[in-house]
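Protein chains in written order, with the working numbering: chain A, 1 to 210; chain B, 1001 to 1210.
Rather than coming from a laboratory, the hints here were simulated on the basis of the structure.
Please read these numbers as outputs of a predicted model, since none were measured by experiment.
Some hints could be false.
Straight line, CA to CA, 20 Å or less: simulated DMTMM-like cross-link-like pairs of lysine to aspartate or glutamate [unchecked claim]: (1) A/K166 x B/D1196; (2) A/K140 x B/E1039; (3) B/K1142 x B/E1049.
2 protein chains.
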Amino acid sequence: MFSAQANRRSPWPTREQRAEEREAKRDAVLRTAARLFKERGFSAASLDEVAACLNVTKPVIYRHFASKDQILLECVSMGLEQILEAAADAKTIPGTASDRLLALMKRYAVIMTEDPGMCVVRTGDHELSEPSRKEFRRLKRKIDRVIRSLIEEGVEDGSIAPCDVKLTGFAITGALNWIAKWYTPNGAQSAGQVADSMASLLQGLLARRP
Amino acid sequence: MFSAQANRRSPWPTREQRAEEREAKRDAVLRTAARLFKERGFSAASLDEVAACLNVTKPVIYRHFASKDQILLECVSMGLEQILEAAADAKTIPGTASDRLLALMKRYAVIMTEDPGMCVVRTGDHELSEPSRKEFRRLKRKIDRVIRSLIEEGVEDGSIAPCDVKLTGFAITGALNWIAKWYTPNGAQSAGQVADSMASLLQGLLARRP
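Work the whole structure out from these sequences, hints included.
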């Protein structure tokens, strides 16, 4: 009790405050970098610009990240982790596997309208170093597997028509990923509306047909 | 008669032969470049490598193309023109608009398994110069319009269920374009089989549902 009060009054941040601040700084660098990579492409965007957007200089960025490659990897990982998180949440939804897949597709579509998601789709494998590329591919494969397993579950519980699971999975991720290529926030529909419509439309790929 | 025979015997090529040879050389450069751009990405692939693959040196390439940017633009244009050609052919098919769209989707999917088509999908707008980027976008918009007009025709002739035409078009092109990202010729299915299955699957997006 005494020590907590002392900490609250001290002009020096606590260990927790320092960690939080550090996290906030890393996060700001990643979000700014994701936006610039998206706008100009990875090679054209410079860390000097990222730094300038945050009112600091490049050496400050290097206190948090070893290289531009590491920043790109963390940007795309942020987008991919968001999808994996959406998948984990979707798995807890009661009902059929088709319901769970629909929920995942909606969240996935929204992620594709945001900077980290756009970065995922706009980043070519060759833009990353060899070890980063491996990690990028590992995360993408993980997402492919999650989608395929939901389709398989749906075929088992009868909520999805028997199909070529791999191909259907690729059709779904292709249509969802492509949102990152065409979506602009200036359109008539909000990101949420686009996401809901796209997810419902893609259910047509799964529906039992005569 | 006499002059034709003389030409046939002359060791010098005719004007037509020279034009053909020139075309064959341009084509070889573009196909080699498309393959290398696809394999390593545009910035990593060098024109020296393209030249070496063709047993010549870079200055020979520059006799046919002004710049690496022009070569990339012509590579992606080759892929996009193939799709527009497929669309023009599809338009002549009798039957419903849904039949025509199915035929186009099959050809489109095959194009996505080949180097120029893969180049289209793997090339980011920012990798091209400003004027080339404009041309790249113009061709892509033309394809979007062709697909949308086929969907609209289908809604009119009753072969396609009423839908959000723009969104449905993007779902189709997204799923088709994504083939260029995942397809490898080492898979169990041939390009033609993948294309046929994907096109049939995507019909699910267009089907009249209860």
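The hints, checked one at a time:
At most 20 Å may separate the alpha-carbon atoms for a hinted pair to count; A/K166 and B/D1196 meet this at roughly 15 Å. Straight-line distance between C-alpha atoms of A/K140 and B/E1039 comes to about 19 Å, which keeps the hinted pair within the 20 Å bound. Between B/K1142 and B/E1049 the CA atoms are separated by roughly 33 Å; this puts the pair beyond 20 Å, and the hint is violated.
The structure fails hint 3 only (numbered hints given earlier).
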